Every structure is written in structure tokens, then in C-alpha cells.
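Enquirer: Assemble the complex: chain B is given as a structure, and chain P must be docked to it using the hints.
As they're listed, the protein sequences go chains B and P. Using the working numbering, read the first sequence as starting at 1 and increasing by one per residue. Using the working numbering, read the second sequence as starting at 1 and increasing by one per residue.
No lab work stands behind these hints, which were simulated from the structure alone. Incorrect hints may appear among the rest.
Note that the list lumps identical chains together, so a pair holds whenever it fits in one copy or between two copies.
[Said to hold, decoys possible] Computed list of lysine-lysine pairs in BS3-like fashion (alpha-carbon distance at most 30 Å, straight line):
#1 LYS298 x LYS157
#2 LYS298 x LYS280
#3 LYS65 x LYS156
#4 LYS32 x LYS139
#5 LYS139 x LYS9
#6 LYS65 x LYS139
#7 LYS32 x LYS9
#8 LYS65 x LYS9
#9 LYS157 x LYS54
#10 LYS54 x LYS156
#11 LYS292 x LYS248
#12 LYS139 x LYS10
#13 LYS32 x LYS289
#14 LYS289 x LYS157
#15 LYS10 x LYS65
#16 LYS280 x LYS162
Fair warning: this is a prediction, and the values are worked out from it, not measured in the lab.
There are 2 protein chains.
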Amino acid sequence: MPPITNMHKKILLAHGSGGSLSHRLIDEVFLKNFNNPFLSEKDDGAIVEIGGTKLAFTTDSYVVKPIFFPGGDIGKLSVFGTVNDLAVMGAEPLYISCGLIIEEGLDRRVLEEIALSMAQAAQIARVLLVTGDTKVVEKGGADRIYINTSGVGIVKKDLSVKGIEAGDRIIISGSVGEHEVSVLLAREEFPFRSQVTSDLAPLNQLASDILVVDGVKFMRDPTRGGLATTLNEIAEGIGLGIVVYEDKIGVSDGVAAVCELLGFDPLYLANEGKMVVVAKRDCTGEVLKRMKDNPLGKESEIIGEVAAELNGRVCLRTRIGGTRILDMLAGEQLPRIC
Amino acid sequence: MPPITNMHKKILLAHGSGGSLSHRLIDEVFLKNFNNPFLSEKDDGAIVEIGGTKLAFTTDSYVVKPIFFPGGDIGKLSVFGTVNDLAVMGAEPLYISCGLIIEEGLDRRVLEEIALSMAQAAQIARVLLVTGDTKVVEKGGADRIYINTSGVGIVKKDLSVKGIEAGDRIIISGSVGEHEVSVLLAREEFPFRSQVTSDLAPLNQLASDILVVDGVKFMRDPTRGGLATTLNEIAEGIGLGIVVYEDKIGVSDGVAAVCELLGFDPLYLANEGKMVVVAKRDCTGEVLKRMKDNPLGKESEIIGEVAAELNGRVCLRTRIGGTRILDMLAGEQLPRIC
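The shape of chain B in the complex, shown without the other chains:
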């Protein structure tokens, strides 16, 4: 591909999609300048050592629109989102920070509702919000409120794509697409209603339930860019292929209906309470049992496996027996769902 410089002299919404344009922007602008072994891992966070302790450290800005949606709001999302990033790194989330950018004129009650929601979410996920910062910008300088949360936690187990090998199984903790569809419909830009609720949930307990199983090699929460993008990141990271089976991937009727109407592929829709796990074949049974024992994982399914061929690509075996390459999300399906 030609360098992005020649293609896009301006930053596009798609550069924030989490898909291939985001990856290239990060590679070309940031990894070039910040060449250190932590960043080049391109994980959702970094693992650093401080005083002999392995610490996971991650950051995320939340710009979701609208800020309230069925199943959550930007406050809860900002807490659980960062908790989940730490959890899938094999860490126990402990402390989070909160940086607010508020648009002048925001209703104080809205801010209070968001703060309360963050506090409840922190309590549920058993993390402490320990430090914060508030900035207020002029009208038109933000869209109501943006929240950055960063988080630190202790690494319980070293997880890395590097240990993944052909034959390993791919498990997902439930159906896909609820978060993005619920946010989309909350925008009221569409002439129909639906009952889809975001799957937003803290995954740290679920992650910790399976971390004790030796064969668990890697976890990732398929947020922006969806399951397809997460699988591509894994496949690319290991240089092996991944085969997944369409009929094993859960899509609720509500999500399926909206996708049908609007032409979206549920495999590219963001989730906020789902986990993809790569586990050694011979321990898949135990991992699956443990996941199903947790309410957030009761719909867990083995959806595929790592293949020796396919060299970094992801292949979908369709319901009707066909085969289709699942690329990384190229542009954006929908902006600002995280």
C-alpha cells in the first residue's frame, strides 16, 4: 500500500475507527516517533515493571454519542472500558484516573448523573477512581462531554500472542454487536425502534475466572472494529491464520434485524462486554465451563481455531458452507460508538 501520507493529508473519521486506517495512522505517526518496546507491542495497554512489580497501564478516551444509551452511559462506559482493557491483559484492575473535557453549558445534572454512574461502575468493578482532571471548553469545542480514563493494575499472568500456535481454540463469551447497535439506535436518526441493549459490562471477574487455567494464552475485548478486527489483530500478530465458523457466532435477533436493515456486518460492530479467548486445545473444555459458570459468559462458544496455513489472515466458514476472508475494518461503519 502507498504510505498514508499520499492518500490522506487530512485526518478522517475513519482514522478513529479502530480498523486498518487507525492502525496505519498509529504506525506511521506514532510508532515512528516513539520507538520503544512497550508501544511496538500495539496492545491495548503496556506492561511495565516498577519496583519489581509488573504493572499493566492503559488509556482510553470516550467520545460516545449520544452520552446516554440503552444499557449505559459515557461514565459507566469509561470505567468498564478501561477495566476491561486491563483485565484482558491478564491484570487485576486497581486504580483509574478520570480526565473530563466538558463543553460549556452542559447541564449540571447531566454531569452529576455521569459522576454517579462512574462511581457505581467503579464499585461494581472493584476499582478505585483515585485522581482526576476537569477542563471546560467553549461551546462547539466538544460534544457535551468527553472522558478519558487511564488505569493501572497488577499483572497476574503474562499473556501474549507469541505463545499462540496452530490448533489453539478461539472462544467468545457471547453474542456480538449489541453495544454498537444500541448506541446507533439511541441517536434517533432512524425511523424504527428496537429493544437492543448495550452489552456493557466489567470483564475482570470473568477474566480472572479463566486466568487460572494454564492453557489460556490470550484475551482481548472486541470493541471498536468488532470481532473481525480483533481476530485480524491476533492473526497478524502471530503470522498464522484463524478460521471461524459463522454458525457458532451468536447474533441476537435485534442486532440481526438492524444489520439486515442498515447493511451492517455484525462481525465489525463494537462490543463492550465480550471477551475473545485463545486457549490451548486440550483445556478448551475447562475454559468453556468456567466461562459459562459466570453470568457474563453463559453464552460462551468455541467459534474457531488457529490454522497453520492462511498466513495472518482470518477466514470465515459461512452458514451455507462457503468461505470468506474477513479483513480488518477498512474505514468506519459508524463513528463514535466507544
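Expert: Okay, now just chain P, sitting in the frame of chain B:
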């Protein structure tokens, strides 16, 4: 004072000023909901323990306008700002995160320039940028680019306002107001030019130079709200008073001229490369010497002392022998200078 709820049902720019409205908003909306011992310290960051190691953890969002100004840019500011917050907590800054919110249409070269500036700043301050996140919002959803940086570091020495007592000396590492004036003039809203350059600089070496002196009790960088607000925070925290001498506080000719023209008080203007130190009286000489030995502290001055009377208030002895109470910044002088 009546609860802020009755006064302001909408969030105002002044709520982001770092002054008394900011403090009340944080008290009433956040501390109420997040009642934990870390947050209630109301420091610029939190000190947490992980695996037996004391860790400083801080966050700041940077929304400075314009994003380039004499002496720096939003990228450099976002790195040094967080480095400084960690440094004045008595910590050695180690790792930082970077969360970008970019307005669609931003020129890619601008982003590249900012990334390069952040990389250079990180190198100068000897911290590693280890993790990041990029979001892109629609036109009008941000003002070009906002950057959140969070940082972690190892605590080298426990500093707290609690150890401060009457007789302790107040030292500042140099003149005040350059940062805010340089940003203000870079907006080109004023019919005059000036040569004022931001004092933006990393303070970690200066902080570490004096931390070894036993009698150093507290450090703080007087950013939003300026020196007057920082002194008020200290006085309030200890329930003692502070007396400062106007003729000891350095104000450059350029800053003085702009303040004269526009009616600003330099004591309330933001700095980004200055440090206020509270030290035991009998070690002031050594602290001052060490500060002056560092290029960033060569203009250091003892500007005042902690007083047994005055109960939480700050008193300025003016050049002409008068006395004036220095309150915390009430509203905002200028928005978005950090």
C-alpha cells in the same frame, strides 16, 4: 456559600479555571460520589501502593488554544505537564500514556509535528510513552486536537502539606506568568505583539535535586490559577496562613507590560515550568543553592513564609508596604491556557 447547584445549573468556563469554582465543582460532584482517601487529598495526583511499591499516578487533559505558541505546543505541554505533576509529588516520572481526541480534517502534518514534539519532550524528560489511544470526532466536536496524558512514577519521598508548620519558607523557582501570556498573545486577538515565551519545561530534575534535602516538605507547580491559587491550596490544606512579599516575586518586563495593558494580575497567571517549594527554615539556604545550580531554577527566590495567624488565608505584602489578601482565583481570567 450556597451550594453551587443553586448558583449554576450549567457548567461555565470558569468551572475549568482551576480556581475556586473548579474546586467547588470537584467537591460537590466528584468527591461526593467517589469518597476514597486518595481523592480526598485533592492533590494533582494520587499516591497508591502496588506490590509494596509507592506509585504516583496522575492525569491531565490539554485543551490549550492555540495549539502552537512561543516556547511550545500542545504535545510538549502534555508531556511536560504530566511529568511535572509527578515530579512535584516527590516521584520519579517513568511512564506516560497519550489519549488523543482529534477533530476530523486536522492536517496530518500538524499531527505529525505534535507527535514529534511529544517524542522529543519525552526524551528530554526521560520518560517513556508506553500506551495510547486515538479518537476522531466530527468537525465542530473538538478544537483541532485535545491530548490527555496520564503518568506513573515511583515515589522517592513522601511529601504532604501535613508536615508544614509556621516559620517554613516558601520558595519559587523563577518569575511568573510567562506561559499564560505567551498563549494569550499567540491567539492574535490583541492589537500588539510581545516577545514573551512560555516557561514550559520539565521539572523532574529540579525536583530531584532538592528532594535529597531533609527539610523539603512540599512542592507544587503553579499552573492553572497561578501562584496565588497554589498558595491558597497550601494554606487551606494546613489551616495556617501564608505571607508573601510582592517585591520578591519575579515578573518579567514583557509579562508586566501585558498585565498592565489588559488588567491581569500576574499572580493568577498559569506557569508551566515553575515550582513552589515549602521548606523548613533552617535548610532554606541549601535548597535555594541547589535550585539556583539548576538552569531551570537560577532565578529562585524565597518569596514568603508560613504564618501561625491568618488561618488558611494568603496575605501579600505589597511593594509600597501595604497588605492585601490574595484569594483563590474566583472565575476565570482566561480559558484554555493549559
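Enquirer: The structure should be examined with respect to each hint, and the outcome stated for every one.
Expert: How the hints compare with the structure:
no.: 1; hint: LYS298 x LYS157; in the structure: within (24 Å within a copy, 48 Å between copies)
no.: 2; hint: LYS298 x LYS280; in the structure: within (20 Å within a copy, 61 Å between copies)
no.: 3; hint: LYS65 x LYS156; in the structure: neither (34 Å within a copy, 42 Å between copies)
no.: 4; hint: LYS32 x LYS139; in the structure: between (35 Å within a copy, 27 Å between copies)
no.: 5; hint: LYS139 x LYS9; in the structure: both (27 Å within a copy, 16 Å between copies)
no.: 6; hint: LYS65 x LYS139; in the structure: both (16 Å within a copy, 14 Å between copies)
no.: 7; hint: LYS32 x LYS9; in the structure: within (17 Å within a copy, 46 Å between copies)
no.: 8; hint: LYS65 x LYS9; in the structure: both (26 Å within a copy, 22 Å between copies)
no.: 9; hint: LYS157 x LYS54; in the structure: both (10 Å within a copy, 22 Å between copies)
no.: 10; hint: LYS54 x LYS156; in the structure: both (8 Å within a copy, 19 Å between copies)
no.: 11; hint: LYS292 x LYS248; in the structure: within (15 Å within a copy, 69 Å between copies)
no.: 12; hint: LYS139 x LYS10; in the structure: both (24 Å within a copy, 12 Å between copies)
no.: 13; hint: LYS32 x LYS289; in the structure: neither (43 Å within a copy, 41 Å between copies)
no.: 14; hint: LYS289 x LYS157; in the structure: within (20 Å within a copy, 48 Å between copies)
no.: 15; hint: LYS10 x LYS65; in the structure: both (23 Å within a copy, 20 Å between copies)
no.: 16; hint: LYS280 x LYS162; in the structure: within (13 Å within a copy, 54 Å between copies)
Violated hints, listed in ascending order, are 3, 13; each of the other numbered hints is respected by the structure.
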